[in-house]
Amino acid sequence: MTPENPELKARLIAFYLPQFHPIPENDEWWGPGFTEWTNVVRATPLFAGHQQPNFPADLGFYDLRVAESRIAQAELAGRYGIEGFCYWHYWFGGKRLLERPFDEVLKSGEPDFPFCLAWANHTWSGIWHGCPDRILIEQTYPGVEDFTAHFYAMLEAFRDRRYMKIDGRNIFCVYRPFDLREPRLFMDTWRKLAEREGVPGFYFVAITDYPWTTPGDGYDACTTNPPVAMLTYQGIKSMNDQIVRTLTDEKPLLPQIYSYEAFVQNAFPTKTRRAEFYPCVVPNWDNTPRSGVNGLVLHGATPELYAEHLREAVGLVADRAPDQRVVFIKSWNEWAETNYLEPDLRWGKSYLEKTSCVIKVEEGKGSNVR
Amino acid sequence: MSDKIRFVIIANPRTGTNHLIDLLNSHPHVTCHREVFHRDAVYLLEGTRTDLVGKRNQDPLAFLQELYDSSPTRACGFKIFMEHNDNVLQAVLRDRRIKKIVLYRSNPLAVYSSDKIAAAENRYLIMEKTRDRIDAGAKDGSRTKAKAAFDREKFELYWRAYQAHYSHVIDVLNETNQDYLFMTYEDYINESLFRRVFPFLGLSQPVELHTRMKKMNASDILSRFVNADEVRAYLNEIGKQNWAQEAFMLWARPAGARKAVDEAAMTSVRGSEQHKEIVRGPVSDSDEKKGAVERLKPALTAGERRQTLLFVDYAVPHYDMFAGSRTNLMYLTLLLKMGLDVKLLPADFRRVEPYSSELNQRGIETLDGEWYRDNWERWLRDNGREIDYVFFHKPDPAMKFLDAVKRYTSAAIIYQCHDLHYLRLQRNGQVKNDELILAKADLYEKKEDYIFSSSDVILTFSGVEEKMIREKFPDKQVFTVPLFFYEDVPAPCRDFGKRQDLLFVGGFAHTPNRDAVSWFSTEVLPLIRREIPKIVFNVVGADPPKDIMALRSKNVRILGRVSEAKLKELYDTVRLVVIPLRFGAGVKGKTVEALYYGAPVVSTSVGLEGIKGIDQICAAKDDPAGFAGQVVSLYGDEKKLAEISEQGVSFVAENFTSQKAAELMSDVLSSAGKEVAARISASSSARVKEETPRLIAFYLPQYHPIPENDEWWGKGFTEWRNVAKATPLFNGHYQPHIPADLGFYDLRLEDTRIAQAELAREYGIYGFCYYHYWFNGKRLLERPLNDMLKSGKPDFPFCVCWANENWTRRWDGEDRHILMKVEYSEEDDRRHIRELLTIFEDSRYIRINGKPLFLVYRTENIPDPRRTAEVWREEARKAGVGELYLVRVESIGKTDPRSIGFDAALEFAPDWNNKGFRVRANNKKLNGRLSDVEIPDDLCEKNYVHYYDELANNMMKKKSPDYTWFRCVTPSWDNTARRLEGAHIFLGSSPEKYQNWLRQAMDFTRDRLKGDENVVFVNAWNEWAEGNHLEPDRQFGKSYLEATRRALEGATFGLDGASITAAYDSPLPRFVDDGGRELFPELQKLLKDRRERIGRLEVRLAEKDRLLEKCEFRILDREARIRDLLDSASWRVTRPLRRTYDIMLKARGKSLD
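Chains as they are written, first to last, in my numbering: chain A, 1 to 370; chain B, 1 to 1153.
In short, the hints are calculated from the structure, not lab data.
Treat the hints loosely; a few may be bogus.
Claimed, not checked - In silico lysine-lysine, DSBU-like type, Cα no more than 30 Å apart, as pairs:
1) Lys467(B) / Lys432(B)
2) Lys95(A) / Lys534(B)
3) Lys476(B) / Lys406(B)
4) Lys993(B) / Lys107(A)
5) Lys4(B) / Lys107(A)
6) Lys476(B) / Lys107(A)
7) Lys467(B) / Lys107(A)
8) Lys107(A) / Lys915(B)
9) Lys959(B) / Lys915(B)
10) Lys715(B) / Lys360(A)
Isolated chain B (complex conformation):
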């Protein structure tokens, strides 16, 4: 069987391919060749082969095939450039067997410059010899000396070809629906991004990466050209000044402390362990070079490690479009300058150019792309320890990530309140007199309160808001920080004789700006024009809507978005800047900006709000007459204008400089650090309570034929035979269970085992507990486990449970007709544990406090379990494995595990002693309990029919013993498939009931068990013949997995687990709790309102702490979609939404007509 991995790197010279190839080749299973299709030679990993050119050219594809086939390693690849054989490229592109890595560099000038230089020096390919020469050069600081001449026309031609090449590649890959890995040169700054290449190829992560970064050129790209000035002018002209900068490299050290590594320092990296002192981080920059900001750094570094700050925003800051984004960019840059390792998490996970690449080039890692979108939580869990601060901005992204941040990290949480969102809504609602907006404001107030109470430090830009927040949260650290800050303050044109007209600046996506322009133009401007008829009102701001455009006249100029230069010019030439805002909250960037540019301001009180000390230079005017009067009186007084201008500039210089901001942020960070330390130590017991248990699911390693089963049950027998043959016994009986996503799998297949683990992990299962069958030296059904141990795949935690029951004709362990018998002896105990010890040594094996976790299904069957435990422990110590963590399963009986030398016990679900009452023919009181189920009398008598919720309730009511006791739940149970009669059937199981049970079991566990013992079991992952599986089936899809994840998330919020039911199909959904009390009256009201406007609605409601924190309405306009939604048990259509919400209710409103 072939499991060879073929791949190709589609790239171009100077896109960093050699580095990638070094990295790939450091993996033991990879052979990556270089330019196999270079015109002049065949560059193989082993060396350059000019002798092969003839053979290659004769039949390039056959040559490639041979190259792949003859590879000694599992994975084999090469790189191909646009100048290489196009036929090969086209064939390779369409060959699905070959995995594609596309390497792209977004800075075309860098590509071009390197390319030119490489061409000039004739070193397209850096093979060993030349590499050493370059390294030697690097050491004496001379590096490469050749310079290229920049030719605009050639550059543009080159660039167009380059772009066309990539778009063709991507088009083909998209059209043929292939997966590919797209990496940019800028990704190199970040090791974790880089490491995506291994999972993409289907390889495990190497423990260490052996690679080194070469510094090919000085970091200033312009210096690579003879005619640098010409290039600079060109860049200015096309507005791409950032292309003059080279990217930074920030790589973690392979083990232990993390340090920043700049590209220059990478030249000396050779292997990892030999060179402990790899890096010269920016922390040790020579002192004289440090500016004021840099001097603040030492306080922020903890020992050797550079502190990490995760900055969370809606999206990557579109700094030239939104004022808030601009502020964020300023803070990002400031924090970076202060020596922090800054990472940006855009809540939409989108990469938006040029913004994302620009951040990367500055050295800020951006956590974007599909992988992060699907795995951010996992990423947070894996990297949480390394994050020192999380900086949130705006309520919605904060709500999305806040809980996970608290769960997985001990980072200090800093919330930057751009303005109080609810306040803005409230004002808007009042102005518009709109109840819906006011209701939304209420929701946001609750959200923001939750965020404030969860944050360690709150930042605001406004003195007013600082006061409001302090009043509400007197214990919180609140800082007012500048919204804008500047490096230096320019000298404005103070000759007001030369200046004329009015200016307003503000984007129209922001409603208050729209209102301001409209109000000013219609109500204020006419009053001013009575005095100054020719005055012109200039309006600058992106995306003016129609109603604003309609205001245009010879006195109102709507300029749309303008360039920075043009804006500065406007500030320099107008007499007055007006800020006629009537609502909105927080400090207005435009006010500070106007002052900065030396433009006098006339404003409403909203426009001046929160700027401490502004009242000294500007008085608020809120009514049309007052506003107009102020404009008119200042407009003619040139002297006064100049005076105000000067005051404004010095006000900005005092309060809005980067020095001031950095000092403040330094205080903020150290205060946040103290707060979080206090929070964590104060709530350490609470934190344990909050910890989510590890979920371990029982795993049946059947589903492949074995000779024994062939003999006993007929050739080809697997569980699937029983599963598929099952038939419903009565109306409403859910049988057979038909597998969905994983199909009728065969566990001999690695693909299947990997797919199972991936699915389990995706939904929060921590590991599998494999049933293990040992009959005096003979193992059965051992192959899936053995294959997994041998191949290292899937990389998923596991433990084993010895199913020490005889195999009989029936599957429940009763000794009627014994097929395989377990016999016990000390000798066998020793032999058995020695075999197991080899399994325990696997790095994936689940341990509790360092001890391998081993379960025994029926200790009652062992003649002297205490002695067996002793023998096992003795052997484990002897073999150097150390202590064992032994767990007896309470399949039958409740022995104290300590009395037999075991560490703990695990209840088994279903617990046969707590099944709840049995449904019998004469059991009338149950009629109607499940209205869609009709059980004939004889079936009640022949089988054991119970209710799932009774089982769950009875089990949760069990008394907690005083030994360590693990809980176990089952998603559903019905072994009709294994029996003709005498089946156990638990009726009425559902994902929701299972979720509640699991949540209760988790709550129970985290209250009692700490650390590694905080474990809950699910029986089972795949007991299909018992109707007992989390794996997706045709009826429920992934609902049980989703329920699992919801329970996991819910468990951390400490909910009391009250269930909420929506009345489906009723004209208006009603939400009631278990006691029939009405929930969410606000929602009901909103629903009613909405329903009057629209016929149908879908309600999405997420319960976090029942505050209706996320509640939104979506009108589904297409009948088909509604049907899909209602009919799909797994809610497939709403999948992206399910990721966002914890609980979703489907409700249907009937059409109005």
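Isolated chain A (complex conformation):
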């Protein structure tokens, strides 16, 4: 069964944050009732022209425990040409966090919308929340037993017909491939277990930062992790000096500010324009709602610039086999990073409309019609 849609030029996979519902851990760390929305609505403009706060439109301040909200997201994404969601998945040596939305998607069969998983294998510190010294939960790698337990914990997902594949294998992304101790053992274990359980094999995708080295441990492919750690290596200069400090008389602290346009123009360094890389696009970015002046802003993002950015990425994979024409979008709903395609009160559905515009094959021009 090939998932590719001949009406689409490429396969768009959007990273999906399963937050937006209270969990006991966050209640404890950030105060009762904490969700991403708490940060989103508390954002304030930090410099003239800074577009904060941003408010959700069509989907509202959703709670991901609500099945209707999850269905509405998928309907919206599907309608505008996104093939599926890549759910961030947390596994800390046996403990999962924020698992409820995905588990319910899995269990209920709804939304009937493709998905894959990305293991966010990093220690949670308070760094993005203003207290970098605090370790909330630590990522550990206890070994093969943990790999096995991890596999079995997610087996139901791997068996699900909605799981997205490349080359007939389930796509599984690893957020920090170099942190993973014994990556080959991890992947071999999982491949063996997949065989034993009769589920499709794995197509492991490493998410890499500068210098975009491809980990030689048996990963099938790579993608990039824009924008934070990449910018300077892309030759993009901070625009902090250009910011007019008009808000107060005192010299205010500023977040790191870069031009989104400059970012888009240098989005794919040569090293990442290789066959083993899947491009990753960023519609917008501003994590000051979470981090305040410690954050980073891609200033001046617009749906139009994003469309250019996406078009370039789609061009990069145009010559590949249909199922390998994959472009990752970061992200579907990282609201506290102002990094989302979901409709908001400022742009409405423009980002989605642009997505659809770029990705859909114009009538009569089908390059892919079989």
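Chain B: place on chain A using the hints.
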């Protein structure tokens, strides 16, 4: 969506799992399997499946998964034992989706014995067939015949493994931070404990429990062993004699009268309704078996029901550590023997073993654990009617519970005054010459006076105290009862030639004992030694401190705590017992105990105080020379010693036996019963006044998208959009309000609706009033209510208010741009009420005098409201719902509700006609009123800015109409979020002001409205876009909820509501009332004293009736904690304290340097 509940019972054979499983399976939504992982078979609920063993063993976890998934009911579980598959246990333990019930039996011998027998008979599992056989056996009294052989080594091995198993389980659950329900076999004595299992699983309580208790073995555990004597010897050796006893079962009948059910009787219980005569309570024990104590029972039983006594103490009595605890245990046992259903409420809510389990085994329910700690008040409210007597002991626990007991029960209050606490403090203070102690004594005197005046009967152990109390409270019933009593009196060794030396007994936690030993050793003993150089002073008592240990010499032996046997031996071998107490109050247990053992006593007057008639056998000596002289003169006179010994024993026999105590207690209880009847009938009008109103909070069922709002306001619109978009208009303007605990919730989510109700209930809200939108057959925002009706959750009272306004572009009902229009016709009235009647029939629906409470927001909009009311009532009668209780909301206008056929009216807050003056640009006189607020002129003109306290004051000044009128208050109000301009903003609201307003509204209401009509409304629970919510937000946390609870508690005390303000940040806090008068001069003085010693202090002050009843000082030693405390609006850090106190003041003392 999956809302399946998975659970597991982690237990062991013979811990009562089958009973629990029967109980669980009697719930319609539960499937509970048995030993799914038994080595030889898979025991499913449906039956034993040996054919599944292979499949199960191949992949146990997958098998379990399938079992859970294929369950036809919402909840599914099974039990797992330590001998089962450990991999499964470990996986299950760590799987957070599976709820854990841990079942433990604290009597290892019982576990072991049953286990052995079960093994011998090969019936680990009691399935239907064998169960019937056992029941049949039970009927002819033969029961089980097999006996086990006790092997000490095997038993200890088994026991160690058993303990290790449980500690592993608990460790894992704690480490992984999981909630679990820990139940003990002993909990079975108590149905309410048992029922915790359903809320724990997230299920509603079944109306009836279908279960039966099997009696597997004779109650004497020893009889289960072939070598019973060996077992008994073993138990004696390890000091666990209580393990020889089986636990009792005391279960309430499902409905109506309560009766005690002993375990044997449970064998005949099959279903509940068919067998009315379930029980054979101890009341009907055959007469010849009755002892003297038991014969007193009939007088204490009211009809069929066994009378219940709630015994309140500091903690579960640690009878082997404290004399007072020992006395309490004696009384607990006596009261139980007298036929009462005795429950113990330890004020610290802690379970302490072995004491708690021992009480449970005797048949005394102990109300301990987290649930009771958090919900004792609710428990009291729900069970208050069934409590006949409350027995208090000591002032502090009495203060904690007394008011609630009076509020929620009509129980007779018996206060046992162990000694007059203030008297003890006073004496201590005088001896030490310490003003602080004297000040504390003053406080305690006030406390104790309050307790005495609130009690129906006062018990004291001392004739002296009886007299003092009678003088102070001439109308009170006061009894002197024995401190100690004995079943029989032993024959002591009267051959004083063989006896030598001196003895003192008393624990060192008790200051007077410390002083006594020290005084005697240093001032009296040297005088005695001049005459009798070799005399040894033996000192027995737990926890001797360093200064006492330092007294050790060849003449002073500090023995610490000794066993009962050793103590008896000491009493038998010493010549004299000395009681050199210099302060302390009340009867001394040690004096009576010495007499009981036949030991002659030399004592100070404090040591003899209050023991009526003691002067016949013992003369007090208070100075060192007199005391020493008395010891010396008696010590050598063996004949005299023997004589005194005999007198002492017969004195105890006359005054301190259980027979005597039971007779007295029988008088006490009947006297208490009469007193309480008199108290209640005399104060019935006062009681109505004291009744706390029911609080109903308006509930907005928005917060979920609906197609209509999508169309009118844009896709995805909910109130949260307006709420979050709001911005402060001026300095000091509190906007936006960001939700805290419940988040940006979506009311389609059941979890959220349950969390709201739980929060509301926790803080004393009685119910929600849902806004209901009906537009000629079309309902809007109906889903939260409908889902709640359908799911039965949350189980929280509610009523509805018809918001019969047109929906317009603006949210205030003005007809500018109509989105939805309400149109009225008789036909619509009928259709409307028929739909509502289905809602009124819900068991959670709030009724007033049996009539469903229905509110209409704007009766002025109804063309002929009288006719509408008639039509509604007519339809309700026709449908069998009966009468309605109709309330018009005074949103606008003040029509007499009776004139339109309504029952009552409800004022609405804010009342737009009583807003108080408006802040305008030119309104200079208000400047400085709220120093942190600066409002630009144009904002004053564009918006309606008022003061919250003006609103509250003006509304409370409204004239009371002569119709039934419900009051309403609002916590805060500011609808900036809904408007660009023209917003109403009430400045300066605070939890404290809201509390005062609410308290006034409640006082007003309980003075005028009785019974079911004693209701006050709060607008609103969750009108976030109006800045009008009790729900927690980021700024205030739960402060408004806490204020609500404080107001509820305050309202019952009839306070006049004077507000007290503390001057924050001043070097020393000052407390002044509204008129600037200084309050609490005593406190000020104490504060000053304290401050000289420490730099920082936190003052906690609780106002009950301004008597400073609870006042204590806590030094906060860590800067960070102080900051937390001061900076947290919700006082999160002091949460446990907030539960204890009614009003708390934060005050900060500046550092001295």
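Structure-based check of each hint:
For a cut-off of 30 Å, the pair hint linking Lys467(B) to Lys432(B) stands: about 27 Å separates their Cα positions. Taking the CA atoms of Lys95(A) and Lys534(B), the gap is near 71 Å; set against the 30 Å cutoff, the hint is violated. Straight-line distance between C-alpha atoms of Lys476(B) and Lys406(B) comes to about 17 Å, which keeps the hinted pair within the 30 Å bound. Our distance criterion of 30 Å between C-alpha atoms is broken by Lys993(B) and Lys107(A), whose separation comes to about 49 Å.
For the suggested pair Lys4(B) and Lys107(A), the alpha carbons sit about 11 Å apart, so the restraint of at most 30 Å is met. Straight-line distance between C-alpha atoms of Lys476(B) and Lys107(A) comes to about 68 Å, which puts the hinted pair past the 30 Å bound. Between Lys467(B) and Lys107(A), the direct Cα distance comes to roughly 74 Å. Violation of the 30 Å bound is thereby established for this hinted pair. The hinted pair formed by Lys107(A) and Lys915(B) fails the criterion: a straight-line CA distance of about 54 Å is larger than 30 Å.
The suggested pairing of Lys959(B) with Lys915(B) holds, with an alpha-carbon distance near 15 Å, which does not exceed 30 Å. Taken as a hint, the Lys715(B) and Lys360(A) pair is honoured in the structure, with Cα atoms around 25 Å apart against an allowance of 30 Å.
Checked against the numbered hints listed earlier, the structure breaks hints 2, 4, 6, 7, 8; every other hint is satisfied.
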